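Starting from the known structure of chain A, arrange chain B on it as the hints suggest.
Protein sequence lines correspond, in order, to chains A and B. Counted the way the working numbering counts, the first sequence spans residues 69 to 782. Counted the way the working numbering counts, the second sequence spans residues 69 to 782.
Just so you know, these hints were derived from the structure itself, not from any lab. A portion of the hints provided could be inaccurate.
Same chains, same label: a pair holds when it works inside one copy or across any pair of copies.
When the alpha-carbon atoms are kept at most 20 Å apart in a straight line, the in silico DMTMM-like pairs for lysine to aspartate or glutamate are as follows [as the list claims (entries may be wrong)]:
| id | residue 1 | residue 2 |
| --- | --- | --- |
| 1 | Lys496 | Glu743 |
| 2 | Lys223 | Asp639 |
| 3 | Lys120 | Asp160 |
| 4 | Lys582 | Glu544 |
| 5 | Lys145 | Asp92 |
| 6 | Lys658 | Asp178 |
| 7 | Lys406 | Glu434 |
| 8 | Lys496 | Glu741 |
| 9 | Lys646 | Glu564 |
| 10 | Lys223 | Glu248 |
A quick note: this is a predicted structure, and the numbers were derived from the prediction, not measured.
There are 2 protein chains.
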Amino acid sequence: MANFQGDKQKVRAILDAVKKDGRDSLTAPEGKQICDAYGINVPKEAVVSSAKEAMSTASSMGFPVVMKIVSPDILHKTEAGGVVVGVKSADDAATAYEQIIANARKYKADAKIVGVQVQQMIKGGQETIIGAMTDGSFGKLVAFGMGGVLVEVLKDVTFRLAPATREDAASMLDGIQAAEILKGVRGAKPVNREALQDTIVRVSQLVSDFPEISEMDLNPVFASDEGAIAADVRIVLNFDQKPARFRPEEKDVVTSMKRIMQPKAVAVIGASNEAGKIGNSVMKNLINGGYKGTIYPIHPKEAEIMGIKAYKSVKDIPGEVDTAVFAIPAKLVAGALKECGEKKIAGAVLIPSGFGETGNIEGQEELQRIGREYNIRLMGPNIYGFYYTPANLCATFCTAYDVKGSTALSSQSGGIGMAIIGFSRSAKMGVSAIVGLGNKSDIDEDDLLLFFEQDDNTKVIAQHCEDLKDGRAFAEVARRVSKKKPVIVLKAGRTEMGAAAAASHTGAVAGTDKIYDDILRSAGVIRANSLRQMLELSRGVPILPTPKGENVVIITGAGGSGVLLSDACVDNGLKLIKPMPEDLDAAFRKFIPPFGAAGNPVDITGGEPPITYVNTVRLGLEDDRIHALILGYWHTIVTPPMVFARNMVQVVNEMKEKGKVKPVVASLAGDVEVEEAAQYLYENGIPAYAYSTELPVEVLGAKYKWARAAGLLK
Amino acid sequence: MANFQGDKQKVRAILDAVKKDGRDSLTAPEGKQICDAYGINVPKEAVVSSAKEAMSTASSMGFPVVMKIVSPDILHKTEAGGVVVGVKSADDAATAYEQIIANARKYKADAKIVGVQVQQMIKGGQETIIGAMTDGSFGKLVAFGMGGVLVEVLKDVTFRLAPATREDAASMLDGIQAAEILKGVRGAKPVNREALQDTIVRVSQLVSDFPEISEMDLNPVFASDEGAIAADVRIVLNFDQKPARFRPEEKDVVTSMKRIMQPKAVAVIGASNEAGKIGNSVMKNLINGGYKGTIYPIHPKEAEIMGIKAYKSVKDIPGEVDTAVFAIPAKLVAGALKECGEKKIAGAVLIPSGFGETGNIEGQEELQRIGREYNIRLMGPNIYGFYYTPANLCATFCTAYDVKGSTALSSQSGGIGMAIIGFSRSAKMGVSAIVGLGNKSDIDEDDLLLFFEQDDNTKVIAQHCEDLKDGRAFAEVARRVSKKKPVIVLKAGRTEMGAAAAASHTGAVAGTDKIYDDILRSAGVIRANSLRQMLELSRGVPILPTPKGENVVIITGAGGSGVLLSDACVDNGLKLIKPMPEDLDAAFRKFIPPFGAAGNPVDITGGEPPITYVNTVRLGLEDDRIHALILGYWHTIVTPPMVFARNMVQVVNEMKEKGKVKPVVASLAGDVEVEEAAQYLYENGIPAYAYSTELPVEVLGAKYKWARAAGLLK
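For reference, chain A alone in the conformation it holds in the complex (with noise of 0.2 Å):
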């Protein structure tokens, strides 16, 4: 879907011209060309070929002007001194016309020149970049910054998807740090906006009808109340394009997903009697997990394993089988590979080592073909396998795991997934599923993603990954996905440090990390900061009712608590009331002591009754302009820690009876009993946390975050 129609055949015959002649820049006037045929704004010019030529052409465009040489076989101008800035009369254009061409013959004797360019130049506007590239994951990019000392010193520069729209534009101006800067400041008059995201848009257009134009820089981009206009424009061109990844129909891969993820029957491949054995923990974890389906171990001479019929190939069940799950050395996979095709199983769980991430780069080539021939979707290799609770599916020669839950994770790397699975037992945080992806030679997170879109045991997607092999395809699936379900990505890889070590790790090369956060929030996911923001942000998002809207309160009997809560309430995008309406102000301080504290946050005081807790809370759920609630705790004698866990339940509940259904996290203060207390919060809907002031908050802050990028708070 184009959101701008640009003269395609006019910048087709340029870049076939360029093409022809063996070029990978273009001429000045070339790149005016293509920027008119697009409608992106830049300065009058043309190219003369004589002093006198200047003098005139010049003279009609109005003084000042700038002069260059224009030659294929000079790109560096400046160096050549090929460059006149500020040319003020007739005359000092004929000097500066012989002067350039003096110059470009001492610097290059055999230079082709075509002439000299003779450009307006621009006076007033705030100095802007827009530029485009393309990303080894996310192919076309367009990119806005601020010009000068803010896009050098400061990086002040932000990335969309081109195609970008004009949505996409608007956030990008708004999307840098010096955002203000385009407002006006300082007496300057705000710049057009309309102008500097029209340009943006035809950019990210232009970019991505020609796949061939590898980069574009138009910087700078001047700016003003009138409109915007790139001063200079630097196209430069790739007509050796790669071959995009493989990416199947997204009903085929959903197809193929069910069939993986809820198989009728599965295979274990190298199935093995004997303890400690990768395949004896597969077959046990089948087994004990509780899988209702067909379990057909394969094995080259045992008759049963572990007293379920084995067979020598997957060729010889009689019946159909989804899912082969892989416990045998990587020298005999692609032999076993080529026989889950012939047997048309859709997927194949591939546990094995000694690929991608050890240099085997052929094998694992190897079984990509196999795969793509047989139409057999191949998850990992190098992998835990995964779990999915709906179907009692361990997968996987990991322990079992069995409390079911909403949440679907998967992770990259084999020792974060035992983390998960960790994490998940200990805080009984229920999943649907926990999947290894490892080296991804096929299935990656956007497969995933279509699956769980679809899934109905899945309200929210955790995904920890080094690498998106097809950022491109993910950010489209995950824009859609996120508007239904929340996404939370935990980006390893994100310094540069990280991301040495991810392509010393998996071979996977990190693209730059501002690109994937811009693109990754663009698409409406939760980034997670940290392996235990991931973990939390999962247990915590989907147990929470979307809020209605943005009035947040804080109900604190700490009045400590309050203060650390409402810095966590800034830190993590949350807006309080204030000033607490009038009536509402009055409505809580009836139920507290004279001394505390109404507004926001409520403060009830450290020595109050439970009914103090119960008739504060209470209020806030009924009130149709509290959209969450946020609860501090203070241990006291007088409102022991499962007392109040108990009356907080229960105000919720009998609120949730009336319809009042609103998100409330609570943050505990007291002695050890206090973590019982956050436990059975938790587990009634109130994620809860002890010594902590920051984690609920961050919890409700996702749930805001995803809330407002699905468009449910408008």
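Relative to chain A, chain B alone:
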């Protein structure tokens, strides 16, 4: 100690004259004279009183010049049409003179006009800002930032206490986000850092020498490779000085604090036999906590409290008393406090609420007066009391606490104090002290710092505060103490919302957070971002040995953890050795499988037996080029969690005996058994966390921050 000696007499004379005039702002010429007296570089200028004089003066300075009205009655010169910039010739100077005078008359007919200032115009250089202000808590501050949009839009400015040293000034130049600009970007020459530092030092000394200068702004200061020159000077005076907060001599503070924290005898005013009463809880805690000193219950009627002889008043007690714990209603406190004073008790622990926090300011001021009169130090009011574990002293109504350790914690808020107690007990974090400071009518954070500085039972000091009553005193003490012991501060009210909540809670007016942040950090304080982080750092930092250098190595079984640990290193300012020296790399490679990645992280891969962890960690501890280790453990059948943990403790202890003492932290990825392993590691000197890659690195990062600030890594 003055960093620079200015001409004080000259400044004194000017300020005295201004005061006599009844003015609170200076004319431009007065500002220039003051700058001259302190050697602050300003443009050549003179005041002229005729068009003719304007012509000759401007000509002698060299064009262009700026001309401005000089009138004590016209503060907003531009608004009055009293400024003409870019005057380029003698004729223009004459015209400008006439115009300025005419505009001024029109703007304010009766304005007293001194003349017109002719000022040299400064060309080129980076626009910077140097200023000074007076803060309620920190007193005189000096500020530095980049001019223009960087300070206005991005708030890129940094603060230090005035007077600032040259080292302070140097740290300011490096302390802004846009620091790189000063080093020269886009072909610009680096600015003259000496000149900028010099200006900062002189401004800071000037406002320190003359407290009546409440604000001073040099904006802009043009910094070039040649020097720094202030184009505009604004000075605001306030002759109405508030008296400074009373600050006893440090040695007196320590004498009193030692008696209070390590008392030979404690009186409990309001001791009670009645369960549920605060005075009963305090008695129980003193007795059951195991306090070995003498306890004197005070009660108007009872002969004995909990089997201990009671007295009607502290004055009836035969022996000396060091500390009095108050558990009586607010209205009785003042009377009892006087008696304590007469009895020469060193400190009063004022548990009762009903003072400043409920609006009873007068009541609190009365206590302060009594305290000063009798030289009795006040803790609180409105607190839970305190714990000092080396003396088995629980002078509080909360539950008794007995896990001894070396961290001393304090909190301004009672709720946060309870969270400290709960976390400490739950995590088995030993503490030396937990102190409630509440309303801080007297004893505050710097008094505690002075006590804990000399307390051999305390190795780390962690403080929660919402404000600092005397930020300057705190910073001065912290700067010294932090060189000996890590000082961790959780400053609540960081955000505007949080500060507003703090103000309504304790009446504390929290300062701008950026000021707190800069001053605390420059005093060597480690700032915690959250409650949980303060607690985790309090737990981990004291048990880690101090690193001897910056070279950190990650050794991990889980490649995925290695990536996240690398990210965490960057986030926490840790430096991974990179590239790994060749011989060291080869030495590591000997121990790990061929497909494992050496380099840094050292990825030993997941399936390895305990000996691989042991060998690589031993090597890491042995080699003197490595200064700290971060371990990433991956739960497998081959190396179960407790086997890993015991092996790690063993190898660390083995190397310790050989004099190889280095900080080691660990991240454990695995099923729930890793929690036990983490606890075991922690208890044996290796801060370790399950399901988290960031927390162990935060702890190590904090230790490094401290070691750097204390000058131990030079």
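Hints, one by one, checked against the model:
In the homo-oligomer, the alpha carbons of Lys496 and Glu743 lie at most 20 Å apart both inside one protomer (14 Å) and across protomers (14 Å), since each shortest distance falls under that limit. In the homo-oligomer, the alpha carbons of Lys223 and Asp639 lie at most 20 Å apart only across protomers (18 Å), although the nearest pairing inside one protomer, at 22 Å, exceeds that limit. Taking the shortest Cα distances, Lys120 and Asp160 sit within 20 Å of each other inside one copy (11 Å), while across copies they are farther apart (38 Å). For the homomeric pair Lys582 and Glu544, the shortest alpha-carbon distance inside one copy (18 Å) is at most 20 Å, but the shortest distance between copies (40 Å) is not.
Taking the closest pair of Cα atoms, Lys145 and Asp92 come within 20 Å of each other only inside a single copy of the chain (16 Å); across copies the shortest separation is 57 Å, beyond that limit. For the homomeric pair Lys658 and Asp178, neither the shortest alpha-carbon distance inside one copy (90 Å) nor that between copies (57 Å) is at most 20 Å. Proximity of Lys406 to Glu434 under the C-alpha cut-off of 20 Å is restricted to the intra-copy arrangement: shortest distance 11 Å within a copy versus 89 Å between copies. Proximity of Lys496 and Glu741 under a CA criterion of 20 Å is satisfied in both settings, with 18 Å inside one chain copy and 15 Å between copies.
In the homo-oligomer, the alpha carbons of Lys646 and Glu564 lie at most 20 Å apart only across protomers (12 Å), although the nearest pairing inside one protomer, at 41 Å, exceeds that limit. Proximity of Lys223 and Glu248 under a CA criterion of 20 Å is satisfied in both settings, with 16 Å inside one chain copy and 12 Å between copies.
Consistency note: the structure conflicts with earlier hint 6 alone.
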